[in-house]
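Participant: Work from the hints to combine the two standalone chains into their complex.
For reference, the chains in residue letters:
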Amino acid sequence: MLEINNLHCKIEGRSILKGVNLKVNKGEIHAIMGPNGSGKSTLANVISGHEDYEVTKGNLYFKSNEINELSASERAHEGIFMSFQYPVEIPELTVTNFIKTAINETRKAKGLDEMSSREMLKKIREKSSLLDIDSKFLSRSLNEGFSGGEKKRNEIFQMAMLEPELAVLDETDSGLDIDALKIVANGVIKYSNDDNAVVVITHYQRLLDYIVPDFVHVILDGKVIKSGDKSLAKKIEDQGYDWLKKEKK
Amino acid sequence: MDFKEKLLDSHLAFEQDVDLLHPIHKYRKEALKRFEEGGFPSKRDELWKYTSLASITQKDYHLSPTTDSNIELKDIKKYSLNDIDSFKLVFIDGVFSPFLSKTTHDGMDICVLSAAISKSKYKKTIKKYFSKIVPEDDNLSSLNTSYTKEGAYIFIPKGIEPEDPIQILHFATGNQNSIWLQPRNLIITESNSNVQIIERHQSLNDHKVVTNSVTEIYAENNSFIDYYKIQNDLLSSTLIDNTFISQEKDSNVSVHTFSFGGNLTRNNLRFYHKGSNISSTLKGLTILESKQHVDHNTLVNHAKPNCESHQDYKGIFSDSSIGVFNGRIIVEKEAQKTNAFQQNNNILITDKSKVNTKPQLEIFADDVKCSHGCTVGQLDKQALFYLNSRGIPEKEARALLTYGFANNVLESVKIPNLNKKIKKLIASKLGVNLGFDL
Numbered sequence: 660m661l662e663i664n665n666l667h668c669k670i671e672g673r674s675i676l677k678g679v680n681l682k683v684n685k686g687e688i689h690a691i692m693g694p695n696g697s698g699k700s701t702l703a704n705v706i707s708g709h710e711d712y713e714v715t716k717g718n719l720y721f722k723s724n725e726i727n728e729l730s731a732s733e734r735a736h737e738g739i740f741m742s743f744q745y746p747v748e749i750p751e752l753t754v755t756n757f758i759k760t761a762i763n764e765t766r767k768a769k770g771l772d773e774m775s776s777r778e779m780l781k782k783i784r785e786k787s788s789l790l791d792i793d794s795k796f797l798s799r800s801l802n803e804g805f806s807g808g809e810k811k812r813n814e815i816f817q818m819a820m821l822e823p824e825l826a827v828l829d830e831t832d833s834g835l836d837i838d839a840l841k842i843v844a845n846g847v848i849k850y851s852n853d854d855n856a857v858v859v860i861t862h863y864q865r866l867l868d869y870i871v872p873d874f875v876h877v878i879l880d881g882k883v884i885k886s887g888d889k890s891l892a893k894k895i896e897d898q899g900y901d902w903l904k905k906e907k908k
Numbered sequence: 166m167d168f169k170e171k172l173l174d175s176h177l178a179f180e181q182d183v184d185l186l187h188p189i190h191k192y193r194k195e196a197l198k199r200f201e202e203g204g205f206p207s208k209r210d211e212l213w214k215y216t217s218l219a220s221i222t223q224k225d226y227h228l229s230p231t232t233d234s235n236i237e238l239k240d241i242k243k244y245s246l247n248d249i250d251s252f253k254l255v256f257i258d259g260v261f262s263p264f265l266s267k268t269t270h271d272g273m274d275i276c277v278l279s280a281a282i283s284k285s286k287y288k289k290t291i292k293k294y295f296s297k298i299v300p301e302d303d304n305l306s307s308l309n310t311s312y313t314k315e316g317a318y319i320f321i322p323k324g325i326e327p328e329d330p331i332q333i334l335h336f337a338t339g340n341q342n343s344i345w346l347q348p349r350n351l352i353i354t355e356s357n358s359n360v361q362i363i364e365r366h367q368s369l370n371d372h373k374v375v376t377n378s379v380t381e382i383y384a385e386n387n388s389f390i391d392y393y394k395i396q397n398d399l400l401s402s403t404l405i406d407n408t409f410i411s412q413e414k415d416s417n418v419s420v421h422t423f424s425f426g427g428n429l430t431r432n433n434l435r436f437y438h439k440g441s442n443i444s445s446t447l448k449g450l451t452i453l454e455s456k457q458h459v460d461h462n463t464l465v466n467h468a469k470p471n472c473e474s475h476q477d478y479k480g481i482f483s484d485s486s487i488g489v490f491n492g493r494i495i496v497e498k499e500a501q502k503t504n505a506f507q508q509n510n511n512i513l514i515t516d517k518s519k520v521n522t523k524p525q526l527e528i529f530a531d532d533v534k535c536s537h538g539c540t541v542g543q544l545d546k547q548a549l550f551y552l553n554s555r556g557i558p559e560k561e562a563r564a565l566l567t568y569g570f571a572n573n574v575l576e577s578v579k580i581p582n583l584n585k586k587i588k589k590l591i592a593s594k595l596g597v598n599l600g601f602d603l
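Line order of the protein sequences matches chains Y and F. In the working numbering, each number is its position in the first sequence, counted from 1, plus 659. In the working numbering, each number is its position in the second sequence, counted from 1, plus 165.
I should point out that these hints are in silico values taken from the structure, not numbers from a laboratory.
Quick list of the computed label-pair ranges, beta carbon to beta carbon:
1. Gly899/Y with Asp484/F: 52 to 60 Å
2. Tyr863/Y with Asp484/F: 44 to 52 Å
3. Pro322/F with Gly770/Y: 55 to 63 Å
4. Lys560/F with Asn852/Y: 31 to 39 Å
5. Glu710/Y with Asn521/F: 25 to 33 Å
6. Met774/Y with Lys560/F: 18 to 26 Å
7. Ser890/Y with Glu576/F: 53 to 61 Å
Going by beta-carbon spacing under 8 Å, a handful of chain F positions derived as facing chain Y:
8. Ala548
9. Tyr551
10. Asn553
11. Pro558
12. Gly569
Note that the coordinates shown come from a computational prediction; the quantities given were computed from them, not determined experimentally. All C-beta atoms, glycine included, are put in the ideal place defined by N, C-alpha and C.
Just chain F, same shape as in the assembly (with noise of 0.2 Å):
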């Protein structure tokens, strides 16, 4: 049995751990269809064009895997912010995690989407939100919503500004090798709410691991999100990051993404605007080494007038590492007055290296500004001589003209200790120690 099928039989297992009736349900029911339909994207969608999953669902999973209860504190605490004293949902192979976790319900809900599915009082919240913004023909999403069950559910009401940010923590401990991971959360910040987050996948140790993540977030109204995505993971793992934003008008939505670690990872991350005066920033940075894969997959559709989207990907590919970007803009013919500015840029360190970089602009609107640029260099020779020649050995003149290229990803990180944090992974993953913040 191929694994497409093992997913589809072990549905009918999969529901008899989960309410039937539930409005949610028929969203899970239709998904398992679509997903039934279309299975695994292959090399023949355009939007998989330079991404193949055929290595990985041709292999087997555990749906439910076992989990390990053992995990403490110690364990995982380097894989979050621990200076501050934050709310945390931490998952231990898709488990929740109350142990781990920090939770409130005092004046906004940071729990678990299992919670609020169960509980009357936020029924009427998740049908109105529950999986409006997932694209049907996107197979993965599909059957990540055919397998919903549990994830973050946070709801930020009014006017609400958590005071530090909220961690996703989602780890994989491996207790059964091969395993397949869903997680799905659902983010809503009512209007002039104000919040950052930070979401995390990490294997606790090397035996396989797949996620295949759907987060929905829903910007209400002058509503401001910072979001941050640490990809760190080992080489055993692979992640599908499946994000959609919905932006009503003032809304303000900035996603980071920083790829340094995991097998192979897909980020396909899309913005809908459903009003005006819009402002969406898209953020990544990609540092990869041996086979590593990177997939981002960007969407902004500008639907509404006087919108801005921003987007800066930067990428510096050593080994036989491939990054991939395609970044779709789409401009519809009520969007005036949009402002979309997309930029790319890539640093090959060795020829084996590859870089497939693809802008992708639909304008339908007559009077906008979008601009987009892409590159692929080398890093500058003539530079890493002028340092090597002040006594900068080579690996640390590669580090800082890295740094100096990625600056401007790293400059927007308005949480000073993630920043921080941030840099140093940089650090660890040139292989250097240069003692000063840039």
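Okay, chain Y solo, but in the shape it has when bound (with noise of 0.2 Å):
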């Protein structure tokens, strides 16, 4: 499903990326791990097509179509979803007109009608439900005075209501108490399936007790330097990456 060769990526004229392989296929979960400043967040933005990070070598396929040059909506309407780690606020714009419009921009963009009202608070309802969401919160701006959990969940939310078939999800399980960490690991599960693929970026083993991956990468100067199960996170759990470091050497 997502394809990436050999990526190297600039913003600012600082080199984050250095040459990144990673293949995620269709009904797999990948963890992506790594000590701050090692380039996770960056490689979320650079699939996602923000336009401060500049591809300087390498590609980018989805669903076998090189997607180097394609905008950020595009690529949204493509599939591709990021879970951000700080969510924008938006003033004057509530959850539900803005989540209205995503779905009917991308539905436009693929040609279709829009979805109807009905059919809109139906899906609203059901997934605001499996999150746990009020629906007073809906009709509240954007992110604009949410707590850390409430963005996150609002996040996986947008995830559910948008149905991508690649989501990313950029250190989602940061500023969450356990609780909320296990309504949106839950959402992720739920959404999870066979014809979809999920990245998880993450810090810390904790999610991925919940979110259990097929496979687990290691970033460290802007490279993934090691690809294992999930026995890699539960030993950098316990050990740290210096290991990783001194192996790299």
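Facilitator: This is the structure:
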């Protein structure tokens, strides 16, 4: 589904990714771990098409098509979703209107009619109850004054509504207490199936206890230096990254 | 002959058409004299520092254009709120169109100024109010006064609250190229009355037109006025809108100005307080592109205690458009416990767009609350990316952020149909169809 070949990227002239290779197939859950500043969030942003990140070398393929030149909204239309580490507050735009616009713009791009209000409402009810989201919450301005937990739940709610084929979750667990973490993880598990894929970016094993990955990759200094199964995450939790740094040398 | 001279010379011809014995004629004469002495404002005038009329006043214009009587309802329908059966005053090239208008003298007067001037029963009212708050040092207003002939006349007696908004619609047909129009509106709301008014100036084709309009509004004790100016004219048109508002005690006047169209628009909006417990609201939303230029020049003169004023102007500027905001607040010594608020926020979409914003506070009382703030920024890039990443394309994402930015100006529009219409205008100005109300 997603294939990244020798990806190099720069932001403000600084090299961040220095040859990332990654292959994610349908039905798989991948975890990406790594110390601060290793390039994890950059990778998420590059996959989503953030314009500030300049791809200097390498290719991104999604469903066998090169997507290097696609804009962020075009990538979203193709089925890529990123859950933001820091969701942006947008005043005067309600969660409901935001999600309606997002869904209908995606449908428009695919040549489909707008979703009927009834259908939309039904879907909103279904997905919001899944994430334990109060209906009052839906008429509030997007992320404005939301707690850390509310923001992250809202991200997963958007994912559930948009039903992307690839979901990249950038530190979705940060700032969550254990109850909120369970709700969020549960939302991801419900979403995950044989036709889609999840890439979880995290610092901690904690989230991976709930969202169990098929593959774990470690990014260090802009490169995937080690891949393995879920036991790799356990080992990092126990031993940190030092042994990997040494191994690299 | 330059245009100023033409204006002075043509006044003789103008006088042949008006009643020289009417008390207002001396106002015309005096005003003409002031205009003769002062001429058009130039950039040397402090209040015209950022807006030049030179390229406009150096051209020649028809002063009394031949009018096109073939204008039908279908030609102007889209510029008015037609879903309501309201009173309407429609002017075509400065001439009243009874056929397209709906006037009344039943319980209130919604008619034309020329009628109010010519009929003896209005003489007292005209004498009491006409040109009483138009500042003598404002040369463009003086020019308008000197040529006073036609416009809206609205008189709402004590305790009357017309159900629907009253619409004042000025159309230019441009039968002749380059016309100069000078409508004069007089609005009086007696005590405990309540009225909503919508004003619009619109060209029906792209012949050059300059409108130098003066509106005088007198809000008596405890009266409520909600005034909306829709400025969405063609790029061939220039509007100089001079609006002067006199408020008596306990009155409440709000003016919303929506500036989306026109080549050059200057809004001189001045509030004068004559009693205590007054509330004045000035709100503006400006969305410009290409080489459009809009200048909001406001004044709130707090002269009495316990009054409040609230100014909130927002601007979004693309291409090489230019915005000016000059907001003056005067708090006189007597005006204790004044609460005056002023805010001007701007977003520059492009490097070439420009904003000049200048708050001016002159406070002579010691127990007052005055605040002002202005910002010039850009649309939040991270917010744009966030919306993009959810499948909302660039243009639509910009529009959503623009709505969010503009919303506190829109939310106080109390006429639901007008609110919808303005949102549609914004959507079309931004080139999007979002299909829902925010």
